[in-house]
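Q: Each step along the sequence shown adds one to the number in our numbering, with nothing skipped, and position 128 is 1153.
It cannot be assumed that every hint is accurate.
Computed beta-carbon distance windows for the label pairs [said to hold, decoys possible]:
#  : residue 1 : residue 2 : range
1  : Asp1056   : Thr1255   : 22 to 30 Å
2  : Arg1045   : Glu1106   : 33 to 41 Å
3  : Glu1061   : Ile1224   : 46 to 54 Å
4  : Met1026   : Gly1252   : 15 to 23 Å
5  : Asn1147   : Arg1251   : 32 to 40 Å
6  : Asp1222   : Glu1046   : 39 to 47 Å
7  : Arg1225   : His1163   : 24 to 32 Å
8  : Ala1141   : Arg1047   : 28 to 36 Å
9  : Gly1048   : Glu1151   : 50 to 58 Å
10 : Asp1109   : Arg1047   : 29 to 37 Å
11 : Leu1191   : His1161   : 17 to 25 Å
Here are the computed lysine to aspartate or glutamate pairs in the EDC-like style, where the Cα-Cα straight-line distance is at most 16 Å [to be verified]:
#  : residue 1 : residue 2
12 : Lys1192   : Glu1157
13 : Lys1231   : Glu1208
14 : Lys1234   : Glu1208
15 : Lys1164   : Glu1206
16 : Lys1250   : Asp1072
17 : Lys1192   : Glu1202
18 : Lys1027   : Glu1245
19 : Lys1231   : Glu1206
20 : Lys1248   : Asp1072
FYI, nobody ran anything at the bench for these hints, they're computed from the structure.
Ideal Cβ positions, reconstructed from N, Cα and C, are used throughout, including at glycine.
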Amino acid sequence: MKIAIIGYGKMGREVEKVARERGHEIVATIDLHEEEKFASPEFKSADMAIEFTAPTSAVRNYLLAFEAGVPVVSGTTGWLEQVDRVKGACEQAGLAFFYASNFSLGVNLFFELNKALARMMNRFSEYDARMEETHHIHKLDAPSGTAITLAEGILEQLDRKQRWSLKGDEPDTLHVEAFREGEVPGIHSVIYESDVDSIRITHEAKSRKGFALGAVLAAEFTKGKRGFLTMSDLLNLK
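Let the hints inform the model, and build the full structure from the sequences given.
A: This is the structure we're talking about:
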């Protein structure tokens, strides 16, 4: 498969390494201030683009890729307020768009565990729920997209929580603490605490390779498909 990489930083280079290991060809790389490459024959020849950039540039990257006739796999977070615009552009172009807040297989299994635990804890109001997430100092959005996905999973199941927030300690608000430290790839914890004990589930990423592998697997899965796809489609978790 011919793959273009949008965002040629640490994640982009890890994606390139994993893609080559799996026998794919990298036909183009596009980094900051290189938008003219979207119109290049090399980019247009790609079967799939894999995008890891920043929330401020992600949506424009998607639209330019669609204009070039190239479907997109993206792991950039912090732009979902424009998701309807992206879905509409994808549909109009007759292409596929695969989005995940986290491409790790372990994290996506963790998402399901989180929802199952919240469903069980709905009966036990003596336990208050909160979350913690830690990432490297270069991450621009807080909380992480993964943390938001976890929080939304809890809100779906836990009647006593109506919203999530980085601030405040209202009883009906799920408090999310976001820390930025060193080069941490990502740690997410969900905590249920009572007066007598606490329950904590945690996922800790050891490196970026798991995210890169998940993105390449998503590209392989998406080739030839149309519409908006997620890890639930890839892992058949629906």
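Q: Output the numbers, in ascending order, of every earlier hint that fails for this structure.
A: none
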